Amino acid sequence: MIPLLELSHVSYSYHEVNGETLALSDISFTLEQGSFLAIVGPSGCGKSTLLSLICGLLKPEEGTISFLGKPLKEAGANIGYMLQKDHLFEWRTVYSNVTLGLEIQNKLTPKHLSAVDTMLETYGLSSFRDARPSQLSGGMRQRAALIRTLALEPELLLLDEPFSALDYQTRLSVCDDISGIIKKEEKTAILVTHDLSEAVSMADQVLILSRRPGRIQKLVPVTFDMENRTPMRSRNAPEFKEYFNLIWKELNISG
Amino acid sequence: MAEPSLAQQSFLEQRKRKLRAITFARILIFLIFALIWEASARLHLIDAFIFSSPSRVCHTFVSMVSDHSIFLHIGATLLETLVSFFLVFLLSLLTAVLLWLFRSLSKVLEPYLVVLNSLPKSALAPLLIVWLGANMKTIIVAGMSVAVFGSILTIYTGFSEVDAEKIKLIYTLGGSRWNVLKKVVLPSSVPIFINTMKVNIGLCLVGVVIGEFIGSRQGLGYLIIYGSQVFQLDMVLMSIVILCIMAMILYQAVNLVEKHCLKWF
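Those protein sequence lines, which keep their order, are chains B and D. Just remember that the working numbering sits 1 ahead of the position in the first sequence, which is counted from 1. Just remember that the working numbering sits 3 ahead of the position in the second sequence, which is counted from 1.
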């Protein structure tokens, strides 16, 4: 089977007047359809750069990224990217915020809109469709941002520390929420985070990047012996601590 | 809605009283000023021929109302100010958008804009009269010249300070640079538009009056110059008072627009 995403020997550096900074070096991995990959690493190791490359916002200087076997550009890959902050626009209602992507891509069709309506309904936002973003709680804003991303029906979902702006308690429940939504919509996802427990609790495999320039240090498959796995239940499972310690040690070697 | 609590009611009552006291103090200052002015003129502490007095100003106003000449002058100044204000807004918005769309163009033009902005625009007025003739067109251009360069710079700076992450969001949703402009840059700059409008309305009035000083047969600027040349200082002071009132009303009008537009910012 062709993997959904394949990176081979990808490198990227930032160029400035003062010199260049190698951000990522020789990154190779594959991602199967339906899997959930978490990327962890010390800050400044190029995690966000990696997402920008996969999304096509940046072009790798070396190496190739292919999507379903074709180069990213030709594949016309439909990739959703959820940024750190929700960036809901205050001058729009919640509804016109979540349909922003559809609006930009001229996809305001009844089919897409009804999918949005269903998601708003399912994820508890339908009574806020005409509200302003400032009237939503932190968790609701994050859900709205996710619906905005999912409205374009992406085949791959990139999450860039989507919970880092939330307080701890909200964070745990939103983490459960979002992971439930992603499972339910059967999406393939890549999560960038610096929170190890978040990575272990949500992902099927954890990719550890080394300090700058980011190189792949280790890929840790994460399996839990349970049905209907949720991040909250994973956190309570006995394996959780082992994975956490394993990754923690790896990170400290690199540091 | 439920009846507000007693504490809330007394808070609102107190607030209202405070606001009323402020309005009262404002009017009082005006009245005291007018009273002192009038009294010193009547008591010959100042020469009423040179310094005029509120009653003489009112008298001149009434006589100019009765022969309808004042409406022509007020109308001319108001029209010129409003036209130059709207043209400044359109021109600076368009230019700022162009500069934003073509970043190298903005780099190239930046020093010119900065110089033109710091140039005292009254220096241009005599040139404009020679080039365009002594007519309303010249006055409008003079009004625009004072405001337009600063306005372009402010709006363009506002555009370039839009949150880079918000712009990234549009790109992640598959948008183009045009989408970025339409969906993020323009809407998030509305507060900047309003602020520049607030500054511009005053600047346009300044430019229009400068233009009228040297190249016009009508308008309040013309009345001021004419009045000072024939030593009718009542007329000069009346025009200045009318200009004050006009500036205040125009500023309040922009404030109304602000209240309407800024609900979501």
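Note that these hints are calculated values from the structure, not bench results. These numbers come from a predicted model, not from an experiment. Each residue gets a CB set at the ideal place from its N, CA and C atoms; glycine is no exception. Keep in mind that the hints are not guaranteed to be accurate.
Claimed, not checked - Here are the computed lysine-lysine pairs in the BS3-like style, where the Cα-Cα straight-line distance is at most 27 Å: (1) B:K86 - D:K171; (2) D:K185 - B:K86; (3) B:K60 - D:K110; (4) B:K86 - D:K169; (5) B:K60 - D:K185; (6) B:K108 - D:K185; (7) B:K71 - B:K219.
As the list claims (entries may be wrong) - Sample of chain D residues at the chain B side, in silico, Cβ under 10 Å: (8) D166; (9) K169; (10) G177.
Exercise. Holds or violated: K108 (chain B) with K185 (chain D), Cα cutoff 27 Å?
Worked result: With a Cα-Cα distance of about 17 Å, the restraint between K108 (chain B) and K185 (chain D) holds, given a limit of 27 Å.
Exercise. Given the hint that K86 (chain B) pairs with K169 (chain D), does the C-alpha gap stay at or below 27 Å?
Worked result: holds, 9 Å
Exercise. Between K60 (chain B) and K110 (chain D), does the CA-CA distance stay at or below 27 Å?
Worked result: holds, 26 Å
Exercise. Holds or violated: G177 (chain D) as interface residue toward chain B, Cβ cutoff 10 Å?
Worked result: holds, 5 Å
Exercise. Straight-line Cα separation of K60 (chain B) and K185 (chain D) no greater than 27 Å?
Worked result: The hint holds at about 26 Å.
Exercise. Does K169 (chain D) pass the interface hint, meaning its C-beta sits closer than 10 Å to a C-beta of chain B?
Worked result: holds, 5 Å
For this session: Quickly compare the C-alpha distance for K71 (chain B) and K219 (chain B) to 27 Å and report which way the hint goes.
Result: The hint holds at about 26 Å.
Problem set entry | Agreement of K185 (chain D) and K86 (chain B) with the hint, judged by alpha carbon distance not exceeding 27 Å | holds, 21 Å
Exercise. Taking the least C-beta to C-beta distance, is D166 (chain D) closer than 10 Å to chain B?
Worked result: For D166 (chain D), the interface hint holds, since the closest Cβ of chain B sits about 8 Å away, which is under 10 Å.
For this session: Quickly compare the C-alpha distance for K86 (chain B) and K171 (chain D) to 27 Å and report which way the hint goes.
Result: holds, 11 Å
When each numbered hint is compared with the structure, no violation occurs for any of them.
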